[in-house]
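Line order of the protein sequences matches chains Z and H. For the first sequence, this note's numbering gives the first residue as 1, with consecutive numbering after it. For the second sequence, this note's numbering gives the first residue as 1, with consecutive numbering after it.
Some hints could be false.
As the list claims (entries may be wrong) - Okay, derived cross-link-like pairs now, SDA-like style, lysine to any residue, Cα gap no bigger than 25 Å in a straight line:
| id | chain 1 | residue 1 | chain 2 | residue 2 |
| --- | --- | --- | --- | --- |
| 1 | Z | Lys202 | H | Asp118 |
| 2 | Z | Lys202 | H | Ala98 |
| 3 | H | Lys150 | Z | Leu248 |
| 4 | Z | Lys243 | Z | Val144 |
| 5 | H | Lys187 | Z | Pro87 |
| 6 | H | Lys187 | Z | Pro140 |
| 7 | Z | Lys2 | H | Glu221 |
| 8 | Z | Lys212 | H | Arg167 |
| 9 | H | Lys187 | Z | His235 |
| 10 | H | Lys150 | Z | Gly226 |
| 11 | H | Lys150 | Z | Lys212 |
| 12 | Z | Lys219 | H | Arg167 |
The hints are simulated quantities; they were obtained by calculation from the structure and are not laboratory data.
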Amino acid sequence: MKPAFSVVVFTTIAGAAQGLVVTLALALLAGLPLPQGFMSLALIVAVVMLLIGLGASFGHLGRPERAWRAAMMWRTSWLSREVIVLPAFIGINVLWWLALRSGIDTPLLPLIAILFAALLWYCTAMIYACLRFIEEWAQPLTLVNFVLIGLSSGLVLTCALGSLAGEVRLVQLAGPCALAVTLAAWATRMLSLRHNATLKHKSTLQSATGIKSGNIVQKSMGMSAGSFNTREFFHGRTLLALKQVKLLFIMLGFVLPAALALWGLAGGGTLAWVLAVLVQAPGLLAERWFFFAQAKHPQNLYYQVVS
Amino acid sequence: MIHWLQDLIKRNAVAEAPARAVTTPPKTATRVRAEPGETLAKQLALVIDLNVCVGCHACVTSCKQWNTSGSAGPLVDEHAYGADPTGTFFNRVQTYEAGSFPGTETIHFPKSCLHCEDPPCVPVCPTGASYKRKEDGIVLVDYDKCIGCKYCAWACPYGAREIDEERQVMTKCTLCVDRIYDERLPKEDRRPACVMACPTGARLFGDVKDPNSDVSIAIRERGGYSLMPEWETNPANQYLPRRITEVAGDTRAKGEP
């Protein structure tokens, strides 16, 4: 597939915002006394990130002025469900922020925020995992990776914000979690990479055309230049480039942030956590780019040669 | 926002309004859309005979001509006279070569929406712009509702849908829905443009649910098959395989001297 920049940005940024909100909510529910000023600021960061994600997702639409229609088919479409859950999640965070500002301290809002963050991860992952013939996506690890990568980036971001604001106890609590979840996300992402490397696609040129011969060569795609089919479903990069992006996202997205988190825990302080965020952000964008680029759509069987 | 309220109130009873009048009113008059998994009494489809298709692309051009001027159009052409022309088509003819020399076969392979009985593109549509008609099983897009998110194209294993780059809505084969019911046309012309144009009669059109229709008989007697059966989309369009014509009176095949 051709990675759509808007969707790459949206899923990465929203995932991190969800992780941030879940971390804050869990910290509050665990009884950590977080000052109101810090909580407000962190929630504003989360909401701004979600709004950037929402804006980016509009960029994916050919007719953004009709976007409101996308909430109609929630009975059957995961995309529609996501379109409902995302604004609801933003709304809950705003409500939570307002409640904190007016001094209302209730465990209900953090709980609902966690629930909606989880729902949003589920919807976002299922948009891809439900397409049964894109076999790189149609696996439970897609959901696991969306959740763990979101949590990892959210935890690292929380630690950076916490150490910048001098919230030592929050960093003490979230720091080890950031390290553990980043390592877990690395492990499950490697598992999905291994799954995809050994994947034997169900569709072949034989099943796509019904021609029995073992030796089929496409002589013409039916057009002299390109079409939507040759633009939308091919990433257009070399295998070498793909390999390099893979190495890049493993290092920047998981290995280096984990090492920096370790340093942060060992006394590296603010610098370590801020560096971790700065390194992980491009790494996870590359990870999501690769997630799309690696998926082989069965329609590509029909587009093997331009002539 | 008024449209949105109207849609909510009417729920599923939303019909598309083509420029050329579709003159058959839905019999039930309440529900135009088929529910996912619903078994329909009628399913219009094409049966494509790979044995006689000569790859002339007449179906491609006639499809483009009819649909760019009809309710599905206009279908954009971008830099048509440039180095890298591109455009929206509902139907393409591809060419494959099978076997090894000197026994190779050239197979021309027309490819359009298969109007699946279980279309994976329909339930994923967030707006309900994509739907399958209850009355005849044609899969259509309501261009007034499509937001151009392209998710349906991702959800079609056959690559049958193409976005119109100018209008930024998803388009696809309509089985010439604005033609096949038009009572102002002579009865023999109420067929899809591609079927009308095919000089070799490689394209059959009819109801695959009627066991006595031309298409059902052809599928039954000529070994009609579906594309990518592994995804269980139950394509309504079927293909008739290539057959090697045996030479009359040739006894060599039977191993006689």
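Verification of the supplied hints:
no.: 1; hint: Z:Lys202 <-> H:Asp118; in the structure: 19 Å, holds
no.: 2; hint: Z:Lys202 <-> H:Ala98; in the structure: 20 Å, holds
no.: 3; hint: H:Lys150 <-> Z:Leu248; in the structure: 29 Å, violated
no.: 4; hint: Z:Lys243 <-> Z:Val144; in the structure: 23 Å, holds
no.: 5; hint: H:Lys187 <-> Z:Pro87; in the structure: 52 Å, violated
no.: 6; hint: H:Lys187 <-> Z:Pro140; in the structure: 53 Å, violated
no.: 7; hint: Z:Lys2 <-> H:Glu221; in the structure: 42 Å, violated
no.: 8; hint: Z:Lys212 <-> H:Arg167; in the structure: 40 Å, violated
no.: 9; hint: H:Lys187 <-> Z:His235; in the structure: 47 Å, violated
no.: 10; hint: H:Lys150 <-> Z:Gly226; in the structure: 17 Å, holds
no.: 11; hint: H:Lys150 <-> Z:Lys212; in the structure: 32 Å, violated
no.: 12; hint: Z:Lys219 <-> H:Arg167; in the structure: 31 Å, violated
When the structure is compared with the earlier hints, violations turn up for hints 3, 5, 6, 7, 8, 9, 11 and 12 and for no others.
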